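Visitor: Full structure from sequences and hints, please.
Here's the letter readout for the chains.
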Amino acid sequence: MAHPTRAVPHNDRHFPVGCLCLLLILAGLAGCSSSNQVAQQSRTAASAAQTVSMVLDAWVEGAAPSAYATAALHSVGKTLADVEAQIRSAEIAEPAGRAGLTAAVNSLSVAVAHAEAELRVNNRTEVKSAQQDLRAAMRSLAAAYTSAFGPKP
Amino acid sequence: MRTVNLEHLAGRRVLSQRGKSIGHIEEILAEQRGDELVVTEFHVGIYAAFERLSASTIGIAMLDLFRLRRRDGLYRIPWDKLDISDPARPRLLCPMTELPGWKGQKDLRE
Amino acid sequence: MELMRDLLDKQVFDRRRVKIGKVDGVVAELRRGKPPRIVAIELGSITLARRLGARPGEWMAQLATRVGGKRHAEPHRIAWKKAQDNGLDIECDIEVGETSIFAWQDWLRDHVIGRIPGA
Amino acid sequence: MKKLLEISLGVVTSVGGFLEVGSMATAAQAGAAFGFQLIWAIVLGTICIIFLVEMAGRFAAMSHHTISEGIRERFGFNVFLWPLLVVLLVNFMVLSAEIGGVAIALELATGIGFQWWALPVALLAWLLLWKGTFGFIEKGVSVLGLVTLCFVVGSVMLKPDWTAVAGGAVPSLPAHDAINYWFMASSILGASISPYLFMFYSSGAIEDKWDESHLGANRAIAGLGMTFGGTISIGVLIVAALVLATRGIDQVDDYHQLPLMLIPIFGFWGFVLFVASLAIACFGAALEVGLQQAYLVAQGFGWTWGEDRKPRDDPGFSAVYTASLFLAAIPIVLGLDPLRLTIFSMAVTAASLPLTVVPFLFLLNDERYVGEHRNGIISNAAVIFIIALAFVLAVVTIPLQIFGGT
Numbered sequence: 001m002a003h004p005t006r007a008v009p010h011n012d013r014h015f016p017v018g019c020l021c022l023l024l025i026l027a028g029l030a031g032c033s034s035s036n037q038v039a040q041q042s043r044t045a046a047s048a049a050q051t052v053s054m055v056l057d058a059w060v061e062g063a064a065p066s067a068y069a070t071a072a073l074h075s076v077g078k079t080l081a082d083v084e085a086q087i088r089s090a091e092i093a094e095p096a097g098r099a100g101l102t103a104a105v106n107s108l109s110v111a112v113a114h115a116e117a118e119l120r121v122n123n124r125t126e127v128k129s130a131q132q133d134l135r136a137a138m139r140s141l142a143a144a145y146t147s148a149f150g151p152k153p
Numbered sequence: 001m002r003t004v005n006l007e008h009l010a011g012r013r014v015l016s017q018r019g020k021s022i023g024h025i026e027e028i029l030a031e032q033r034g035d036e037l038v039v040t041e042f043h044v045g046i047y048a049a050f051e052r053l054s055a056s057t058i059g060i061a062m063l064d065l066f067r068l069r070r071r072d073g074l075y076r077i078p079w080d081k082l083d084i085s086d087p088a089r090p091r092l093l094c095p096m097t098e099l100p101g102w103k104g105q106k107d108l109r110e
Numbered sequence: 001m002e003l004m005r006d007l008l009d010k011q012v013f014d015r016r017r018v019k020i021g022k023v024d025g026v027v028a029e030l031r032r033g034k035p036p037r038i039v040a041i042e043l044g045s046i047t048l049a050r051r052l053g054a055r056p057g058e059w060m061a062q063l064a065t066r067v068g069g070k071r072h073a074e075p076h077r078i079a080w081k082k083a084q085d086n087g088l089d090i091e092c093d094i095e096v097g098e099t100s101i102f103a104w105q106d107w108l109r110d111h112v113i114g115r116i117p118g119a
Numbered sequence: 001m002k003k004l005l006e007i008s009l010g011v012v013t014s015v016g017g018f019l020e021v022g023s024m025a026t027a028a029q030a031g032a033a034f035g036f037q038l039i040w041a042i043v044l045g046t047i048c049i050i051f052l053v054e055m056a057g058r059f060a061a062m063s064h065h066t067i068s069e070g071i072r073e074r075f076g077f078n079v080f081l082w083p084l085l086v087v088l089l090v091n092f093m094v095l096s097a098e099i100g101g102v103a104i105a106l107e108l109a110t111g112i113g114f115q116w117w118a119l120p121v122a123l124l125a126w127l128l129l130w131k132g133t134f135g136f137i138e139k140g141v142s143v144l145g146l147v148t149l150c151f152v153v154g155s156v157m158l159k160p161d162w163t164a165v166a167g168g169a170v171p172s173l174p175a176h177d178a179i180n181y182w183f184m185a186s187s188i189l190g191a192s193i194s195p196y197l198f199m200f201y202s203s204g205a206i207e208d209k210w211d212e213s214h215l216g217a218n219r220a221i222a223g224l225g226m227t228f229g230g231t232i233s234i235g236v237l238i239v240a241a242l243v244l245a246t247r248g249i250d251q252v253d254d255y256h257q258l259p260l261m262l263i264p265i266f267g268f269w270g271f272v273l274f275v276a277s278l279a280i281a282c283f284g285a286a287l288e289v290g291l292q293q294a295y296l297v298a299q300g301f302g303w304t305w306g307e308d309r310k311p312r313d314d315p316g317f318s319a320v321y322t323a324s325l326f327l328a329a330i331p332i333v334l335g336l337d338p339l340r341l342t343i344f345s346m347a348v349t350a351a352s353l354p355l356t357v358v359p360f361l362f363l364l365n366d367e368r369y370v371g372e373h374r375n376g377i378i379s380n381a382a383v384i385f386i387i388a389l390a391f392v393l394a395v396v397t398i399p400l401q402i403f404g405g406t
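Chains as they are written, first to last, in this note's numbering: chain A, 1 to 153; chain B, 1 to 110; chain C, 1 to 119; chain D, 1 to 406.
Some hints could be false.
[What the hints assert, rightly or not] Coverage of chain C stretches by chain D, computed from C-beta distances (three or more under 8 Å per stretch; other residues unrestricted):
1) 5-11
2) 21-29
3) 42-55
Quick caveat, the hints were computed from the structure, so don't treat them as lab data.
Small disclaimer: the values here were computed from a predicted structure and weren't measured.
Here a beta-carbon is modelled for each residue, glycine too, at the ideal position from N, C-alpha and C.
Guide: What follows is the structure, encoded as structure tokens:
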């Protein structure tokens, strides 16, 4: 045990450097992720909206039972509500861009809720009109997305 | 009748008379003598580098596969040279130099 | 014979080729001035638990006595004279019915499995 | 002729095992998100499982011992304890996901929530194991499993660009969402190289009393059976890519989205075919995984085991599959989302692979067990590659799950 002391300070110097770069990585991850997190959420909303329109098309053609269609709309509606909440809470630089997105996702939720209500009562004509609202909402979401993030990857 | 459970010896570290570890028990050889099956010798594997790994059977298999065990890396300890009354701590009853397979291993200075 | 490779953990059959367990333990008698003699093989959860450590062994022994009664405190032993190695497995010249090895499986059969229709 | 009938062992192992909620969900997700780009993962997984299943069958036919028995006997109880506990846990999750899969199918068909279906499904599966014989389960599931061919028919009807499909079979780097891409690749590999698959297959070989004369059939069965499962998985991926991705649905994280794959192709029959395929594939897998739990425990401790025996003759064995089935139904009864549970259990399966694949290297080269039918150079090279892949998956999957998982 000739020279224990010399070893001890040696690894002290290492310690702060190690945890410093760890903090950097975490900060990096958090920083860049909030803006692309909103982009990700918007893509989830677009994907969910497409799902709803497919379900409605199938139901209108009689290719999907009502019970399934209602359950699908209800479940996707919940996803849209989560996305709306997440976008509203995520702070990114362009509030204007974000406002457009939140409004578009909100109109999507409304259209889906409307369609679900009509589905429960098997009202075919009303469901068709709800489909139109949905497609309009999807177009506005696409427009808000390009204005906030540029063309879709 | 004093009995011992041999399975407890598997993978155990063997200590020399001076308390220095010489390796782990890998195998126990037995022979039929008359109508009795008796233990004849214990095999202890010498793995200078991968000490931990050599305690488990799958570790030994991997070491053998990658030829990490020195070909002569095996002590064959006769039954009367190993005290197994306490299977958790088998102890050597003779000095290292008398063990077959001993070739003046440099890193196991007595 | 290499005990670890050729005996320990091998499948054990009884006289009528019924699978009764694995060789969980090998018991040797220590004799002064003579090599240790293999006297029996051990089967059962107590022997297995003891291989994991002394404490797990005690827990399992207490559990066995509390569940199965005093006679289950010790692991099952089969005399080595009755055992015979046929290459991959061990065949024992015993009737599993006469031993207590299947005690817990019989209890399970009579009290649980047997009660369910179509067993 | 009898041996050709035994092809059904390969088909049931692959329909019951290879094709189940895990492979269907991961293939659908991969197709929707990355089009044909992840076909290579299914092809790689299929090739690996063909090797492992062939070896498991050869091991059982030659030594009349299963892989689990081999691990215990060759490496001892202290080593065997780890694969035993880990595989029991992984199989519990997979079994729960399978029961969830059947429950979803019944919810889609009837509109009654999947939570209500969990226990009836477990009960039906238990009844089949309790009363049925191995042959009955083997033949029944493989015949019913043919309905899953609808995905292959569907993908052909969609007239995909076959050169692009072939292109997908060549590994390529992702253009976007790299973390998600690699997560899906590991989930697909986890879904196709599942420990219960080759362990069940080796037990099945003993149940069917295979011996040295079955080695040729074993190679054909392993190849044909696993390819059957792999082809259908690729069919699911192609259908998802051509139906969902083209309509902008690039995230499949809700089981309601799954039937949409077949509706544009077959109309209302598409919905029916999907529900039937999901129910049968998952039910076959539930039988297989439930039985494998009992095989694993009974073989590990040396009890009498065998599906053809009456439950009275092997109480320990029957008690294990009975307990496994009803315990695995509980998470679904509590309303855990089966799709999320499926993706998670596939990731954990991938992470647990080394424990069960490393022993192959030693068991299949041990002449005391397999005699002169030891592994050739190719099989040994394949095992070493699979072990390397297994370790990569084990290291990579959990962090990917945290960052990339749905």
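Visitor: A separate judgement is required for each hint: does it hold in the structure or not?
Guide: Okay, the hints, checked on the actual structure:
| no. | hint | result |
| --- | --- | --- |
| 1 | 5-11 | holds (count 4) |
| 2 | 21-29 | holds (count 3) |
| 3 | 42-55 | holds (count 4) |
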